[in-house]
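Visitor: Note that the protein sequences, when read in sequence, are chains A and B.
Under our numbering, the first residue of the first sequence is numbered -5, with each subsequent residue one higher.
Under our numbering, the first residue of the second sequence is numbered 27, with each subsequent residue one higher.
The set of hints was computed from the structure by calculation and includes no laboratory data.
It should be emphasised that the depicted structure is a prediction, and the values quoted were computed from it without experimental measurement.
Treat the hints with care, since some could be wrong.
Stated by the list, open to error - Away from chain A, derived, C-beta distances all over 12 Å, residues of chain B:
#, residue
1, 126
2, 301
3, 347
As the list claims (entries may be wrong) - Straight-line Cα separation of at most 27 Å, BS3-like style, residue types lysine-lysine; simulated pairs:
#, chain 1, residue 1, chain 2, residue 2
4, A, 481, B, 142
5, A, 481, A, 452
6, B, 154, A, 452
7, A, 481, B, 250
We treat Cβ as the ideally placed atom computed from N, Cα and C, and that holds for glycine.
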Amino acid sequence: MINLRRNKDLAAVEGRRIGLDNVMTALAFVLLLVIVVIPISMIIYNAFFHEGKFTFNLIVEQLTRSTTLSSMWNTIKIGGLVTLFGTIMGVFYAWLLGRSNIPGKKLMRSLFTIPYMFPPFLGAMAWDLLLNGRSGYLNRWMMQTFNLSSAPLNINTIWGIVFVEVSYYFPFVFMQVVSALERMDPTLEESARIAGAKQGTVIRTITLPLVVPAISAGALLILISSLAHFGVPAILGFSQGIFTLPTRIFAVISRSGGSFEGIRQAAALSILLVVVVALALLLQRKVLSSGGYDIIKGKSMRPTLINLRGARIPLFILALVTLAVIVMVPLIMIFLVGLVRAYGLPLIPANFTLANYTRILTTSGTLDSIKNSLILAISAGIISMTLGTLIAYVVQKIKPRGTGVLEILSVLPYSIPGTVLAIGVILAWSGSLGINLYNTLWIILVAYIARYLSFSMKTSSAALLQVHPSLEEAARTCGATHTESLKDITLPLIRPAMISGFFLIFLPAMREVTTSVLLYGPYTRTLGVQIYSLRDAGMMPQAAALGSVAIVLIIVINAIVNAITADRKGV
Amino acid sequence: MAQVQVQLTNVTKRFVTKTLGDIVAVDDFNFEVYEGECFSILGPSGCGKTTALRMIAGFEDLTEGEIHLGGRPVSSSRKNLYVPPEERDLGMVFQAFAVWPHKNVFENVAYPLRIKKVQRAEIERRVKEALHHTSLTGLEKTYPSDLSGGQQQRIALARSIVTNPKVMLLDEPLSNLDPHLRETMRFELKELQSKFGFTIIFVTHDQSEAMAISDRMLVADMGKIMQIDTPENLYNRPINRFVHSFLGESTFLNVVIKDGKVYAKGDMEHPLDLEAPPNAESEMIMATRPNAIELTADKGYQTHVQTRIFLTDRTEYVVPIGNQTLKVQTPHRITFAQGESCSVRFVEPMWYPVEDPEAEKERQRRQLI
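My request is simple: use the sequences and hints to build the entire structure.
Guide: The following block contains the structure:
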């Protein structure tokens, strides 16, 4: 008996810590190696090594092509413009809805987060239907009405792409700044007033500088997202030969028909895209370098609101019009075109039919795509949530040697464009390492997990930081083993964060296009891919109908999420 | 003598830090705590008291030495033995209460019993009893977030007594409460102890709290044990200047000893009305309490009142002595006006050697960690 307990204790001592911690740490490292390190290494290897020898040839070859250079330039131009306008718009509306006496603030604030949920490629599709240079509904109407010989507006341009991306990316800045404004200590502004500063001076010298970290964080999100974005430039740019690096990579892959040469070219282009993103990150850091301020308190306070006086109603109308243009118009357009008998017919009730819906809901390919997306989104959600929480626990609580590496590895895929990740996954898991997942759902799942791991890792980390170590220790002194204290105390406490982490993954995964468009096989189309292909095949009404289904699915799921998370006991 | 419940033998804990190098958090701790005793570990922050408690609880392993609980070795560097906290059968109350926010009062208190797979009816009975002893009856279904700090602390207490542990570890359990509540809880804690007969090890930096509650106290500084004794002895016979200044108010006087007479530094003409201690060095520090100095009209060292402050239950005077000043506290009935001449006499002062200036530096370094 005594010997038995000695041995058990010795085992515990030899690892310095309890065995479970070691298992979790090892698991975290192995998983990140498989999910993140291998695909990324495969890209680097294929871009720089030819027949086992190191070479820059492939990169140089790409850099000397004018198509590559113009794609790079387009990527940078679009990314910069989207970030600039998105940030201005986000800050303006955050201030308007957070700090002024504009009517209906609460409702407006939740309405302004809708564009965040709206799949950008569906928005691009809707605007293409309206403002396509040749056949857009709005363009044709204007040409007829005003007797114009050519289309007055053309969405299939760089500026069109920038417009659509800004519409759906400005909420990144908007949401960050609104919450920073909410949590800011109002006495900071009040003391500036006491010191003699006018309202405008306070905004300029106190409020804005204090929310700079929030603005900068949001702008960074916009920049990374826009540089890596595939959907909008693919839908609006292809017809006019406007390519960005992500769409160029897609074009190279699809033109080569999956040949290895094509994938190697894509790998070289991927490296260039990563370099662009990395440079953008560096530049961003230089331009907006700012330390974190500690003035923003966690508690919600009642800030003084600014009286807009005469501008109150005009600004209110401006906000409504903005919402109408970026949310309602595309939404209505998608729904209406989904009902029309044939693309191009006027949008009047006589031309409406439900045939598109019956057709897509009876085609096995389309139904399969919905099923595939559901399977992928749910499994990616569950798996990433579990792994993210595991890694967060290791990073926050166990803190083994190499914690920093672990942390970087798990958030790395977030700043790596989805297109690049997809190329890495193709290179790693289509046979070259002995495992071939190509043309199966598994390969898409692996890519999704890598892509979304950081989401759940971040939410779980934040939640774990709130769990004071003494809560687990109290359970230990009550006689609970390490495993029991995890199960009974820590997990229940972070469960709400895990659930919201799941939906943070589930929702974007449902509408994912960027990686799946490179990874799908004949039987593994996802919802986004199917909409994209229907549209590509010229079946606009069916694509719009399926788009409507996707939007309804997203709205319904979102409503369910809100209902679930609303009535949870605050911890 | 009662049975030994907790025993630390040569316990040492070393940490390696990146910025400040090696640190010996606990340096060769040796002490025993007896059954039914209330034993406090007292010291400023960085003195190693919390580390010592966490080693007893099993949250930290020790670098060297051995810890016994109830005669059973639980941590030992020599035998390479380490018993995890859940197998040490302790009760523990944390500074931040550590009440689980997702469990109601009943579930919080029932948890240790559920872990031990106690029968349902027995759990009901014992939780009810624990709640009764901590005046929480009726709040079973309430969640901690709806309760006050004092009530949350009672949940933590109820949770730790429900298994009837032999040893109770308290890590500054009262410091998050307001002063009035603190006194009440202190009293309730002693009541519980006399009812259940457990041994308490109490960690605090609050000397008055420790004195009020403890049978014996350990004063530590910079990882070393300074003195272990009863509160009375610690207050009246502090072993060094640190312990003297840590417990109660102190006044220190630098003195010079010459020909068996004691002079305040700066005045070698008028000796103090005191006998030099045996084996005195030529320069020493004389330590006393402000309320242990007699202020009279004639007997003793002649000086005058420099400042007079009228406080609620005493009068405080500052009097110059040599090149130093001295703080004296007297009952209100003894009154001297500002500027009035007076004499001071010392009652049983303590004598300490002059302190090494390096020690103060080391103390500050440790505070950074």
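Visitor: Compare the structure with each hint and give your call.
Guide: Hint-by-hint comparison with the structure:
no.: 1; hint: 126; in the structure: violated (6 Å)
no.: 2; hint: 301; in the structure: holds (53 Å)
no.: 3; hint: 347; in the structure: holds (47 Å)
no.: 4; hint: A:481 / B:142; in the structure: holds (15 Å)
no.: 5; hint: A:481 / A:452; in the structure: holds (20 Å)
no.: 6; hint: B:154 / A:452; in the structure: violated (41 Å)
no.: 7; hint: A:481 / B:250; in the structure: violated (39 Å)
Violated hints for the displayed structure, listed by number in ascending order: 1, 6, 7.
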